[in-house]
Amino acid sequence: MATTIAWLVLLAAGVLWEIACHFSHGRWTGLTALGAVVASRLFGTLVLIGIWAFIGWHLFARYTLPG
Amino acid sequence: MTWHRGKPAVPGPATLAGTMVIAAYVWWATGLHSFTAGAYVAVGLPVAALVLVVLVVRPDGSAHTESRAGVEGSEIRLRTTFPWLLLLALAVGLEAGGLALGGRSTVVPTLSTVADHALAWHAVRFVLFCGWLAVGWAPVLRMTFRGNAGDD
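Chains A and B supply the protein sequences, listed in that same order. Going left to right, the first sequence walks through residues 1 to 67 as the numbering used here numbers them. Going left to right, the second sequence walks through residues 68 to 219 as the numbering used here numbers them.
For the record, the hints were derived by calculation from the structure and aren't laboratory data. Incorrect hints may appear among the rest.
Per label pair, the in silico range of CB-to-CB distance [as the list claims (entries may be wrong)]:
| # | chain 1 | residue 1 | chain 2 | residue 2 | range |
| --- | --- | --- | --- | --- | --- |
| 1 | A | LEU34 | B | GLY198 | 29 to 35 Å |
| 2 | B | GLY170 | A | GLY26 | 35 to 41 Å |
| 3 | B | ALA167 | A | ARG27 | 33 to 39 Å |
| 4 | A | THR4 | B | ALA91 | 17 to 23 Å |
| 5 | B | HIS184 | A | ARG27 | 17 to 23 Å |
| 6 | B | HIS184 | A | SER24 | 15 to 21 Å |
| 7 | B | ALA84 | A | VAL15 | 27 to 33 Å |
For the chain B half of the interface with chain A, some residues (derived, Cβ under 10 Å), not all of them [said to hold, decoys possible]:
| # | residue |
| --- | --- |
| 8 | LEU83 |
| 9 | LEU99 |
| 10 | VAL110 |
| 11 | PRO150 |
| 12 | LEU161 |
| 13 | THR173 |
| 14 | ALA182 |
| 15 | LEU195 |
| 16 | GLY203 |
Per the computed footprint, the stretches of chain A lying under chain B, defined by three or more beta-carbons under 8 Å from a beta-carbon of chain B, are [as the list claims (entries may be wrong)]:
| # | stretch |
| --- | --- |
| 17 | 20-31 |
| 18 | 37-45 |
For glycine and all other residues, C-beta sits at the position ideal for the given N, C-alpha and C.
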């Protein structure tokens with residue numbers, strides 16, 4: 001249970017930090033800005049799509065119902 | 068949906084129809100049983116469409132050049148990204164702990180195990196799938212709308 005809460009806290013921290021980065025006017029780098037750096041080249045764009053596809057398949061085609 | 072002078076325009080019938088079709092597709096896709104060919108294809112179709120758009124259509128050919136110039140001018144250093152590295156290290160530590168205990172431990176679950184509990188509900192899968200689609204397609208749509216706004 002404690003580890004599940006830790007995961008949820010980590011996810012929430014990531015979302016909140018991304019929002020904070022967005023309003024920091026470049027002082028802090030958000031994932032969006034990092035993604036823009038990677039996606040500025042075609043190879044980087046395809047790598048990002050690959051990661052996105054992996055997450056999609058892992059979550060929605062390979063999930064296991066508990067119990 | 069188009070934006071003019073900072074105010075959102077009312078979405079047109081085409082936008083509404085497109086949203087309904089996508090919502091219906093997502094509801095169908097998230098209702099399929101996992102580990103089936105249909106589930107793999109349902110996730111693969113938006114991926115294939117996005118690859119096609121990026122490789123063939125290129126919604127805004129100048130966007131790569133513009134974003135690269137903007138990105139190189141911005142300051143992305145270890146100092147500005149270390150909170151992400153800290154979060155990543157914590158996540159890797161938790162995941163490694165869960166995997167070391169066999170990957171299905173209820174005491175130290177992996178991220179996949181935690182996600183599986185949430186994915187038991189169709190509505191949650193629907194919302195997460197919509198979010199996943201938005202994350203992948205948002206940059207392309209943003210470039211498209213920016214290009215259309217530039218045409219005005």
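So, going through the hints one by one against the coordinates:
A beta carbon spacing of about 19 Å between LEU34(A) and GLY198(B) contradicts the range 29 to 35 Å that was offered as a hint. Our hint of 35 to 41 Å for GLY170(B) and GLY26(A) holds, since their Cβ atoms are close to 40 Å apart. A hinted range of 33 to 39 Å for the beta carbons of ALA167(B) and ARG27(A) is consistent with their spacing of about 37 Å. Range check, THR4(A) to ALA91(B): about 33 Å between beta-carbon atoms, so the 17 to 23 Å window is missed.
Restraint check, HIS184(B) to ARG27(A): a C-beta distance of roughly 37 Å breaks the suggested window 17 to 23 Å. Checked against the hint of 15 to 21 Å, the pair HIS184(B) and SER24(A) fails, with Cβ atoms roughly 34 Å apart. For the hinted restraint 27 to 33 Å between ALA84(B) and VAL15(A), the CB-CB distance of approximately 31 Å keeps it satisfied. Annotation: LEU83(B) was flagged as interfacial toward chain A, and the flag is violated, the nearest CB pair being 25 Å apart, outside 10 Å.
For LEU99(B), the interface hint holds, since its Cβ comes within 10 Å of a Cβ in chain A; the closest pair sits about 8 Å apart. For VAL110(B), the interface hint holds, the least distance from its beta-carbon to any beta-carbon of chain A being 5 Å, beneath 10 Å. For PRO150(B), the shortest C-beta to C-beta distance to chain A is roughly 6 Å, which falls under 10 Å, so the interface hint holds. The interface hint given for LEU161(B) is met, as the beta carbon of that residue sits about 6 Å from the closest beta carbon of chain A, less than 10 Å.
Here the hint on THR173(B) is kept, as its CB sits about 8 Å from the closest CB of chain A, short of 10 Å. Taking 10 Å as the C-beta contact cut-off toward chain A, the hint placing ALA182(B) at the interface holds, the least distance being around 6 Å. Of the supplied interface hints, the one on LEU195(B) holds, with its beta-carbon coming within about 7 Å of a beta-carbon of chain A, less than 10 Å. Here the hint on GLY203(B) is kept, as its CB sits about 5 Å from the closest CB of chain A, short of 10 Å.
With a cut-off of 8 Å between beta carbons, the stretch 20-31 of chain A has 5 residues touching chain B; three or more are needed, and the interface restraint holds. Under a criterion of three residues with beta carbons nearer than 8 Å to beta carbons of chain B, the stated coverage of the stretch 37-45 of chain A is upheld, 6 such residues being counted.
The structure fails hints 1, 4, 5, 6, 8 (numbered hints given earlier, in ascending order).
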